[in-house]
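Trainee: Under my numbering, residues 8 to 564 are what the first sequence spells out, in order.
By construction, these hints were calculated from the structure, which means they are not laboratory data. We put the CB at the ideal spot given by N, CA and C, even for glycine. One or more of the hints may lead you astray.
Here are the computed lysine-lysine pairs in the BS3-like style, where the Cα-Cα straight-line distance is at most 25 Å [as the list claims (entries may be wrong)]:
(1) K79 <-> K276
(2) K406 <-> K460
(3) K353 <-> K559
(4) K324 <-> K276
(5) K559 <-> K460
(6) K405 <-> K353
(7) K405 <-> K559
(8) K460 <-> K353
(9) K276 <-> K323
(10) K377 <-> K460
(11) K406 <-> K458
(12) K405 <-> K458
(13) K405 <-> K460
(14) K353 <-> K406
(15) K458 <-> K559
(16) K559 <-> K406
Pair ranges (Cβ atoms, derived) [stated by the list, open to error]:
(17) N487 <-> D209: 19 to 29 Å
(18) L237 <-> V195: 16 to 26 Å
(19) P187 <-> T507: 54 to 64 Å
(20) V452 <-> R356: 23 to 33 Å
(21) S369 <-> E83: 47 to 57 Å
(22) A518 <-> A24: 52 to 62 Å
(23) D241 <-> A210: 41 to 51 Å
(24) V78 <-> T383: 53 to 63 Å
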Amino acid sequence: MTEKTAGSNFIRQIIDADIDHGKHSEIVTRFPPEPNGYLHIGHAKSIWLNFGIARDYGGRCTLRFDDTNPVKEDAEFVEAIERDVRWLGYEIGAVAHASDYFEQLHDFALELIDRGLAYVDSLPAEQIREYRGTLTEPGRNSPDRDNSVESNREQFERMRAGDFGDGERVLRAKIDMASPNINMRDPVIYRIRHHAHQRTGDAWCIYPMYDFTHGLSDAIEGVTHSLCTLEFEDHRPLYDWFIANVTAPSEPRQIEFSRLNLSYTVMSKRLLTRLISSGVVDGWDDPRMPTLSGLRRRGFTPASVRNFIASVGITKKDNVIDMLVLENAVREDLDPVAPRAMAVLKPLRVTISNLPEDHAESISVANHPKDESFGTREVTLSREIFIERDDFMLDPPKKFFRLSPGGEVRLRNAFVIRCVSVENDADGNVASLVCEYLPETRNGVQPEGRKVKGIIHWVNAADALDAEVRLYDRLFREANPRPDQDGEFHEALNPDSLVTLTGCKLEASLAAASMDTRYQFERLGYFCQDPDSIPGHPVYNRIVTLRDSWAKAGAAG
RNA sequence: UGGGGUGUAGCCAAGCGGCCUAAGGCACCGGGUUUUGAUCCCGGCAUUCGGAGGUUCGAAUCCUCCCACCCCAGCCA
8 MTEKTAGSNF IRQIIDADID HGKHSEIVTR FPPEPNGYLH IGHAKSIWLN
58 FGIARDYGGR CTLRFDDTNP VKEDAEFVEA IERDVRWLGY EIGAVAHASD
108 YFEQLHDFAL ELIDRGLAYV DSLPAEQIRE YRGTLTEPGR NSPDRDNSVE
158 SNREQFERMR AGDFGDGERV LRAKIDMASP NINMRDPVIY RIRHHAHQRT
208 GDAWCIYPMY DFTHGLSDAI EGVTHSLCTL EFEDHRPLYD WFIANVTAPS
258 EPRQIEFSRL NLSYTVMSKR LLTRLISSGV VDGWDDPRMP TLSGLRRRGF
308 TPASVRNFIA SVGITKKDNV IDMLVLENAV REDLDPVAPR AMAVLKPLRV
358 TISNLPEDHA ESISVANHPK DESFGTREVT LSREIFIERD DFMLDPPKKF
408 FRLSPGGEVR LRNAFVIRCV SVENDADGNV ASLVCEYLPE TRNGVQPEGR
458 KVKGIIHWVN AADALDAEVR LYDRLFREAN PRPDQDGEFH EALNPDSLVT
508 LTGCKLEASL AAASMDTRYQ FERLGYFCQD PDSIPGHPVY NRIVTLRDSW
558 AKAGAAG
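Working from the sequences, and respecting the hints, build out all of it.
Mentor: So this is what it looks like as structure tokens:
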């Protein structure tokens, strides 16, 4: 599990330059989610960036909940978010909440009022919007814009005291209603919300807005570099304005980078919520979700997620990363550490006719093909075994290396068998096979003139374990899924994103499998147990398939 | 058509005026090893950096103009 080196990026270059200029004695960052949903892999990019920088520069990174809107937030989310950040493997310098700073923020607001830089506006929301102007036309001043400091002070005190209902007053920064940057047209900095906050309860009925809260919270925490996504780029002048016009304890710098987008999935909280509410997936931790909890349940390792982010880099360019890159990252992480085992997902019974009824030989099998430290295990082979239905074809195409009538194939870790007859069920479908084994092919011997290219896995019938296996695939069939007119996903969905298989056969040694070991089921992919497993009824999730150039060739033509 | 951004291969991404006849990864195409059609190994894959001009002995890197795409008019974050 080698961690990819962080590499350089434009943000680290800025920090390096700042350090060279002696601007900071310590680098301080923060990861600031709003607790209104679960973290997804896009957040992992920010976590990797912020915590990675703090770690590499010997600084610190705070997990700060941006909890300024009580109507959207919930304690459930703050717990889930902290769990996910820890799972990703980072040391959290401190856990903070913007709500910890409500009193200080309130003081800063008072300071702005006293300086004549903020005023209480009684215009209703709709009017404020009209007065704001448009992208191409300047706005107009509110009638309340020139009220006295005393009046603003008194009005703001009454806002806090609860004298007004929701929406009856707001506190606004007095900047410039004609600014070409709409964010500077007297932005609202406090609004009234008579709603209990998940942490502060009923202590407040006015809540600060994001722009006012964020930069000032950064300043309170001594954040040196405030890293956020591109859509906040034109909020930066406002971010700087608040810090410049209040006695801020420090002067953080905001730097923006592009969000992560992944093909064949969606990343917005709104759309992920929609998938859950419309029943497309089972919840935030459905293994098909791009959430960290979904990926964790699916079996992805924290290192694979970190390596994935490292491999895509940090820039300001809009991007869509191919899902294959993520899949590649888990395979790369798991290959050297996953013990191998044999499992048959769609069993086809095979009788080896030239083996006695009571035959039961024990074969010593390596647990890893390249790493002897994994040791070996014993696997029993007797007259009745299961092979994968996909490994047998009545009428095989060219270059099909597996079994067919009269054909030969090697049983992995054992000998070559030849298919001598096929038995059908009442509907005429293949029900079972009768094969005979070739004694001279034991121990890997490839007798003169016999070229058996195919090697298939198998499971001994007598002591096989029954299991349920869930095969996951991309949630969408379209690379860039968009909701339909009704806001739901229909056409874009991949109908086979979850295939549940029961009656799968696992080799007996898996009876001792632990919940947190990720196995490679040879020739199939990487698998791990789902929390739905109960004793006697194991449930496995397929984390990712193995690369399969045969399937790919088939799909191509 | 106001403001803010971004454009290097199918997807990411190094590059910061000469060491670039442009790193690396994914994908793709060969070939080798292999009792996983896996892994691993070796080779191929941009005479060209959104376009057009210009500066310079020298430009992906500097300048000008143009084009394309993304973001912004919440009392959301």
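Trainee: Now tell me if each hint is right for this structure.
Mentor: Against the structure, the hints:
Annotation: proposed proximity of K79 to K276 holds, straight-line Cα distance about 12 Å (limit 25 Å). This hinted pair checks out: K406 and K460 have alpha carbons roughly 10 Å apart, not beyond 25 Å. For the given pair, K353 sits about 20 Å from K559 by alpha-carbon distance, which is consistent with the 25 Å threshold. Simply put, K324 and K276 have alpha-carbon atoms about 21 Å apart, close enough for the 25 Å limit, and the pair holds.
Only pairs whose Cα atoms come within 25 Å are accepted, and K559 paired with K460 is accepted, the gap being roughly 18 Å. With a C-alpha separation of about 23 Å, the suggested pairing of K405 with K353 holds against the 25 Å cut-off. For the suggested pair K405 and K559, the alpha carbons sit about 15 Å apart, so the restraint of at most 25 Å is met. For the given pair, K460 sits about 22 Å from K353 by alpha-carbon distance, which is consistent with the 25 Å threshold.
A C-alpha spacing of about 21 Å is found between K276 and K323, which places the hinted pair at or below 25 Å, so the restraint holds. A distance of roughly 21 Å separates the Cα atoms of K377 and K460; the hinted pair therefore holds under the 25 Å criterion. Restraint check: the Cα-Cα separation between K406 and K458 comes to about 13 Å, which is no more than 25 Å; the hinted pair holds. Proposed proximity of K405 and K458 is supported: the alpha carbons are some 15 Å apart, at most 25 Å.
At roughly 13 Å between alpha-carbon atoms, K405 and K460 fall within 25 Å of each other, so this suggested pair holds. Taken as a hint, the K353 and K406 pair is honoured in the structure, with Cα atoms around 22 Å apart against an allowance of 25 Å. The hinted pair formed by K458 and K559 meets the criterion: a straight-line CA distance of about 24 Å does not exceed 25 Å. As the CA atoms of K559 and K406 are separated by approximately 13 Å, the hinted pair is consistent with the 25 Å bound.
Distance hint for N487 and D209: a CB-CB separation of about 44 Å, inconsistent with the stated range 19 to 29 Å. Between L237 and V195, the C-beta spacing of about 23 Å keeps the proposed range 16 to 26 Å intact. A hinted range of 54 to 64 Å holds for the C-beta pair P187 and T507, which are about 56 Å apart. Distance hint check: the CB atoms of V452 and R356 are about 27 Å apart, consistent with the given range 23 to 33 Å.
At roughly 51 Å, the beta-carbon separation of S369 and E83 lies within the given 47 to 57 Å, and the hint holds. At about 59 Å, the CB distance of A518 to A24 agrees with the hint of 52 to 62 Å. Restraint check, D241 to A210: a C-beta distance of roughly 33 Å breaks the suggested window 41 to 51 Å. For V78 and T383, the hinted distance range of 53 to 63 Å is satisfied, since their beta carbons lie about 60 Å from each other.
Of the numbered hints listed earlier, those contradicted by the structure are 17 and 23.
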